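**Q** Each chain is listed here by its residues.
There are 2 protein chains.
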Amino acid sequence: MTHPAARPTKVTPLSGFPEYLPEQRIVEQHFIDVIRSTFELHGFPSIETRAVEPVERLLGKGGDADKEIYGIHRLADDEGGAAGGREGQLGLHFDLTVPFARYVVENAGRLNFPFRRHQIQKVWRGERPQEGRYREFTQCDIDVVDAGELAPHFEAEMPLVMAEIFAKLPIPQMIIQVNNRKIPEGFYRGLGIDDVAGTLRIVDKLDKIGPDKVAALLVEAGRTTEQAQACLDLAAIRTEDTTFVDRVRALGVENPVLDEGLAALAAVIETGAAAAPGAMVADLRIARGLDYYTGTVYETQLVGYESWGSFCSGGRYDELATDGKTTYPGVGISIGLSRLLGLLLGKGLVGATRKSPSAVLVAVTDEGSRPRSVAVATALRARGIPCEVAPAAAKFGKQIRFAERRGIPHVWFPGARDSGGDQVKDIRSGEQVDAAAESWTCPVEDLQPRVVALGE
Amino acid sequence: MTHPAARPTKVTPLSGFPEYLPEQRIVEQHFIDVIRSTFELHGFPSIETRAVEPVERLLGKGGDADKEIYGIHRLADDEGGAAGGREGQLGLHFDLTVPFARYVVENAGRLNFPFRRHQIQKVWRGERPQEGRYREFTQCDIDVVDAGELAPHFEAEMPLVMAEIFAKLPIPQMIIQVNNRKIPEGFYRGLGIDDVAGTLRIVDKLDKIGPDKVAALLVEAGRTTEQAQACLDLAAIRTEDTTFVDRVRALGVENPVLDEGLAALAAVIETGAAAAPGAMVADLRIARGLDYYTGTVYETQLVGYESWGSFCSGGRYDELATDGKTTYPGVGISIGLSRLLGLLLGKGLVGATRKSPSAVLVAVTDEGSRPRSVAVATALRARGIPCEVAPAAAKFGKQIRFAERRGIPHVWFPGARDSGGDQVKDIRSGEQVDAAAESWTCPVEDLQPRVVALGE
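Protein chains in written order, with the numbering used here: chain A, 52 to 507; chain B, 52 to 507.
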């Protein structure tokens with residue numbers, strides 16, 4: 052009759068699978084609550100997709116993605132030896148975009164287009180864990196997809212939602228960097244460069260290796276010195292308003308795709324400047340590693356922590372999914388919540404005011420009067436005040452220390468008055484006052500643990 | 052530059068991995084919100100554990116559990132052939148208790164005992180899917196664990212939390228059936244039966260095969276006819292108050308463990324009758340399949356849907372975990388949310404009042420005036436009113452139909468008045484009134500989608 056988990060086993064954390072203590076989880080929950088409520092304020096309903104997809108679909112992403120995928124198998128099937136090939140095999144999703152694309156096609160007849168949704172879920176990648184990279188992590192996505200055509204104004208809407216979230220969170224300043232893939236594409240073509248993708252891939256290394264090495268690589272790849280310099284000049288343009296247009300024009304390159312890109316990016320930046328001043332910049336070096344973006348692309352830096360990479364990224368894709376007849380273009384953006392919390396919690400930049408949801412600990416005078424303490428707790432909860440009853444009728448000093456250790460701000464003493472009435476003590480100030488469970492007002496700032504910015 | 056997910060692929064649902072449409076997900080979110088907020092009202096902070104545990108730990112549960120476990124493996128490792136043995140192998144958790152036990156031992160030095168937590172997460176089992184059974188499903192657990200000893204009053208607290216949740220949800224009546232393992236154990240021993248576990252296992256089949264077959268099996272297993280009848284008499288006792296004690300006494304069996312069990316169950320039922328009248332019954336046939344429970348056990352029936360099995364179960368275990376020095380006894384209870392929603396959504400017993408979080412659709416008169424519509428939406432959101440801007444400056448009739456299809460109750464028309472002021476229409480009543488985004492009051496019942504009981 053022993054729980055077999057009770058066998059003492061060596062317990063060690065798994066690298067890349069972060070877990071939080073309750074007080075850290077309160078921070079995570081607060082972030083998720085703010086993210087979800089803001090998504091909903093903007094009309095994005097939630098969906099969740101199953102954790103698994105057919106491996107074939109996950110591999111559709113191509114490249115070296117298959118190195119990062121976890122397959123799953125029933126242990127009971129292990130007896131039969133290794134699974135023979137990937138047919139019918141399932142794997143854990145490594146992002147929320149591939150499952151969303153499948154969900155849209157699967158449910159197209161039951162969704163209303165343009166369809167907007169948010170999705171906050173864990174994803175898994177079998178990569179080597181490192182700073183800001185995990186094997187299990189939480190992504191928070193919004194996307195809008197339409198059937199056939201997607202209006203460009205959605206590209207301006209996405210970063211506004213994120214800017215609103217960042218403004219509500221206790222974090223350093225976030226800067227959303229926006230570009231449009233058509234700008235480098237048109238610019239490169241205007242320069243006479245045919246290998247747009249190859250050139251983009253090299254320019255994308257700017258942050259890592261610097262302009263000199265990028266120029267050398269471009270020349271190595273067949274670009275002229277002048278072309279390489281023009282590519283670097285373009286990538287160096289970063290403006291908070293639409294003056295980037297004139298600065299690109301000043302480089303003297305002409306191309307109709309470039310014109311389209313400049314107009315589209317100007318529209319996004321104008322909308323941003325009007326609705327969320329200071330939250331966005333046009334940054335013409337942003338390319339995004341993934342090659343399926345076709346228009347606007349987003350990355351986001353936390354000011355002062357640029358080396359951590361992007362905390363919020365996305366872009367427009369012309370073909371999120373297709374069922375063979377209809378194609379679904381979309382635009383989306385995603386917060387890398389685990390990376391953000393890894394930084395903020397790891398560096399002690401954010402914390403919760405207490406470990407427990409309880410605002411009140413109801414003391415117990417003796418075990419015989421526990422029902423009275425339970426009745427107090429029931430009355431407080433009926434009025435929305437989170438509370439718990441002391442675990443034992445210990446000395447009051449010990450009961451107060453129980454509350455202190457959890458950060459519970461108030462301790463309730465049933466029958467503390469000579470008249471038999473109750474009292475409640477704010478254990479931070481030591482002030483103890485008469486109170487009745489049916490009428491006592493808990494200070495609003497004490498009702499829930501609060502999540503606050505802390506000094507580094 | 053094509054998103055490879057765009058390759059048309061046949062898309063079919065995976066059996067046992069349910070997914071919801073947005074309007075169903077609103078129901079699920081409402082249930083989770085009520086569950087979480089009630090857990091927090093009772094002072095249970097949240098934790099989440101990683102999705103994976105070492106397979107060795109998962110197998111610790113013994114029995115045929117390994118048939119149900121999904122192992123995970125990096126696809127990139129497949130090239131090396133089948134994994135050689137289970138050492139270091141990871142699997143998806145199949146419940147939240149085994150991971151919680153590991154979490155307690157791993158973090159014991161950083162937790163305050165008695166430690167209470169709630170945990171709402173997905174779990175995975177590779178079983179054959181059937182009515183109410185899934186391969187991926189969501190569990191909502193609360194547990195209290197202590198180091199060394201756990202006070203018995205926690206056994207009375209658990210079902211009260213659940214009763215409060217059930218009372219807040221739009222569902223048929225839930226009855227929490229409570230028993231104490233010591234009652235059958237002491238009773239069987241008092242009858243002279245040594246094989247307590249074997250007898251319990253047979254009696255546990257009562258709901259499935261009925262009393263006659265149970266009696267036959269008991270006799271087959273070596274019990275006398277009189278013993279078998281006494282076991283059935285005990286299992287037939289079900290009372291809403293503590294009269295079960297007298298009814299057990301009337302069976303004339305004496306045993307000190309039986310006395311302990313009766314006193315403990317009476318305490319739980321008394322507390323329940325005081326705090327949540329009608330929510331609990333003492334039901335002496337409840338045993339719980341898992342054999343690690345040592346005291347109180349809980350199961351829960353939805354009245355009218357008894358054949359679906361238990362929607363909320365748990366109990367007390369004397370050894371949740373141990374690190375070799377300290378043992379951690381605990382008590383816990385868990386809602387099987389996916390089973391509950393599978394029933395309620397499958398039978399159409401519950402639904403959301405709309406598909407979209409938006410309370411307002413802001414119409415767009417022409418694309419040139421879209422910024423004005425965006426400004427209206429920004430002003431409404433700043434006052435907590437969820438809204439979205441129409442996707443295209445189509446005819447107003449078409450924009451209203453866009454809102455109708457999503458159940459968005461209000462459509463806002465910027466500049467609809469001759470004076471240039473705005474108007475808003477309740478598209479259910481057709482009433483259209485003057486309004487300003489900075490002051491219009493959205494009816495409270497329209498702010499969020501509501502989740503309501505529906506007729507069958």
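These aren't lab readings, by the way, just hints derived from the structure by calculation. Be a bit skeptical, because a hint or two may be false.
Straight-line C-alpha distance at most 30 Å; calculated DSS-like pairs for lysine-lysine [what the hints assert, rightly or not]:
no. : chain 1 : residue 1 : chain 2 : residue 2
1   : A       : Lys406    : A       : Lys446
2   : B       : Lys264    : A       : Lys406
3   : B       : Lys376    : A       : Lys446
4   : A       : Lys173    : B       : Lys173
5   : A       : Lys449    : A       : Lys259
6   : A       : Lys376    : B       : Lys406
7   : A       : Lys219    : A       : Lys173
8   : B       : Lys406    : A       : Lys173
9   : A       : Lys376    : B       : Lys173
10  : A       : Lys173    : A       : Lys259
11  : A       : Lys398    : A       : Lys256
12  : B       : Lys376    : B       : Lys446
13  : A       : Lys173    : A       : Lys406
14  : A       : Lys449    : B       : Lys376
15  : B       : Lys398    : B       : Lys259
16  : B       : Lys219    : B       : Lys406
17  : B       : Lys219    : B       : Lys173
18  : B       : Lys398    : B       : Lys256
19  : A       : Lys376    : A       : Lys406
20  : B       : Lys398    : A       : Lys219
21  : A       : Lys376    : B       : Lys449
22  : B       : Lys406    : A       : Lys219
23  : B       : Lys219    : B       : Lys264
24  : B       : Lys173    : B       : Lys406
25  : B       : Lys173    : B       : Lys398
26  : B       : Lys173    : B       : Lys264
27  : A       : Lys264    : A       : Lys173
28  : B       : Lys376    : A       : Lys406
29  : A       : Lys173    : B       : Lys256
30  : A       : Lys398    : A       : Lys173
31  : B       : Lys449    : B       : Lys219
32  : A       : Lys406    : B       : Lys219
33  : B       : Lys376    : B       : Lys406
Predicted model only: the values in this text are computed from it and were never measured.
**Q** Could you tell me which of the hints above the structure violates, numbers in ascending order?
**A** Violated hints (numbers, rising): 2, 5, 9, 12, 19, 20, 23, 26, 27, 29, 31, 33; every other hint is consistent with the structure.
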